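For the sequence shown, the numbering used here assigns the number 1 to the initial residue and increments by one for each residue that follows.
In case anyone wonders, no lab produced these hints; they're calculated from the structure. One thing to keep in mind: the hints can contain errors.
Here are the simulated DSBU-like cross-link-like pairs (lysine-lysine), alpha carbons at most 30 Å apart as the crow flies [as the list claims (entries may be wrong)]:
| no. | residue 1 | residue 2 |
| --- | --- | --- |
| 1 | 475 | 397 |
| 2 | 504 | 494 |
| 3 | 494 | 468 |
| 4 | 468 | 451 |
On a predicted model such as this, the values are computed, not experimentally measured, just so you know.
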Amino acid sequence: MEQIYKWLSDRTHQALLSVLAGGLLFRIVSACYLYPGFDEAYYYVYTLYPNLSYFDHPLLVALTTGLGVWLTGAVNQFTIRIGTLGLYTGSLILVYLTGARLFSRQAGFLAVVLTSIIPFFVVGFGILTLPDSPLMFFWTAALYVAAIEFFPQAGLADAPPPYRPSYRLALLGMLVGLACLGKYHGFILGVSLIGFCLTSPRHRIVFWSPWTGASLGLFGLTLAPLVQWNAQHDWISFTFQSARTVPSDRGFNLLDVLLVFLMYVAYLFPTIGFPLWWASWKALWSKRLRSVTGELGQKQDLLLWISLPLMVGFTLMGGYKQVLPSWPMPGFWSATLLLGHQASIWQQQSPRGVRRWLRGSAIAACSLALFGLSHVAFGIVQKPGNYALGGGFWAPKDDPSVQLLDVVQIRQRFAASPQLMAALEAADFMFTNRYFVGGQLAMALVPLAHKPMTTFDTDLRGFAYWSKPDEWVGKDGLYLTTELFQDGEDLMQKYGDYFDTIQKVADVPLQRGGSITAVVTVYQAQHLRKPYPRPYGNS
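Whenever a hint applies, use it, and build me the whole structure from the sequences.
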């Protein structure tokens with residue numbers, strides 16, 4: 001008890017708890033009001049089909065998405081995010097512990113403040129249920145264990161003792177494996193750690209240690225579910241993910257590299273994004289000029305190996321193909337420890353300047369986030385809209401936020417309509433024309449009738465492995481889509497040859513701020529004559 005009181009009486013720890021509690025409260029409120037995104041709803045379907053792995057991601061996202069649903073029995077945007085809310089808080093604690101171990105408690109605290117401000121981290125890692133959430137938890141856990149393993153003494157020692165490999169290497173292998181079960185970026189983490197040991201004379205001894213063998217063994221054992229599922233399904237996950245990095249035919253364009261660089265800075269928030277790049281390049285350049293040596297240089301090397309390959313690699317990749325904003329973010333996440341260390345030095349020189357920088361960034365980022373959340377939930381700039389500021393100015397047809405469907409409202413509309421419920425009960429299965437719409441509508445309707453959902457399209461993602469091609473031949477389906485994603489498709493041309501009849505049941509209008517912002521269209525499709533063709537998953 002005395003130790004707890006002593007820990008709580010420390011001003012840095014008090015400030016840390018305030019940041020953690022305030023950030024968690026903000027994320028809980030956001031998770032309650034932000035409608036589920038395309039990917040989130042799709043990952044909910046993962047929870048309906050528990051397996052060792054999935055077509056486009058390993059298994060941990062199914063567990064984090066399903067945690068809140070299984071605990072509460074409710075399916076909504078908040079319950080599918082409960083796992084993410086907890087994991088992100090754990091990730092922030094690990095950031096603090098890692099920064100304190102490598103540099104100082106103040107550096108660790110400032111790194112937590114930075115990761116609590118950066119909009120992409122807060123939303124992409126801390127609110128939405130995505131594979132990035134378990135990835136970043138185990139990524140940061142691995143980084144913390146690596147910090148203890150490779151630098152046994154906390155803080156910055158002038159003359160560090162010789163490195164001796166320990167049992168923590170085995171734990172590190174397991175944590176890297178768990179990061180891989182979150183997202184395939186975990187493999188890059190493992191390669192980066194190997195690269196650090198290869199280039200650090202003090203740590204090369206690791207390659208002759210029996211603990212390294214144990215680490216590789218635990219890494220392989222942890223990956224067994226991923227490997228087994230893929231071995232049974234023609235290694236489709238690795239084929240799919242590797243194909244996304246293949247250069248396109250457009251060639252390499254330096255202007256695109258610059259645009260991708262600026263895009264990442266915007267996602268990180270400019271007042272933090274630019275300093276983050278600067279701190280990373282400063283650490284790299286200092287090492288090259290040998291102005292930073294000894295243990296501090298080695299610690300910076302560890303972080304550079306884990307951050308720069310992703311930061312630079314995906315920025316350059318943007319010169320020849322489209323890259324997703326989430327791809328380099330684990331690298332930027334690791335680099336916040338470098339910026340946290342640099343900020344602790346700045347704080348000694350100008351505490352007021354650092355305080356203004358972080359406070360101003362937090363206020364601006366939080367204000368923009370709240371404005372965006374308020375619009376998604378209530379339509380505060382929508383025209384027309386009951387909650388629109390100044391009468392609004394953005395028509396729903398031009399507003400991409402209406403693509404986020406209110407799944408609870410859809411469920412309520414179906415439950416209140418005898419006609420729709422009768423059609424739902426009569427159907428043997430449901431299907432859509434886009435896999436992500438299938439996720440949204442599965443969230444809305446599976447809790448009502450527990451009917452299987454699938455997709456009849458060229459891009460089936462995991463839906464191809466949750467059923468067999470001929471499973472519903474001779475049975476009746478319920479076709480659901482939205483006006484937005486009909487894209488002028490001729491319904492009969494696309495599906496007419498596969499069913500005896502297709503008849504419209506009803507339109508289900510969805511409202512936000514008192515105005516209709518989206519419409520779900522429902523059709524009865526009688527008697528599936530033949531399997532809909534699939535590009536994969538036919539066996």
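Item to check | Hint check against the structure, violated hint numbers in rising order | outcome: 1
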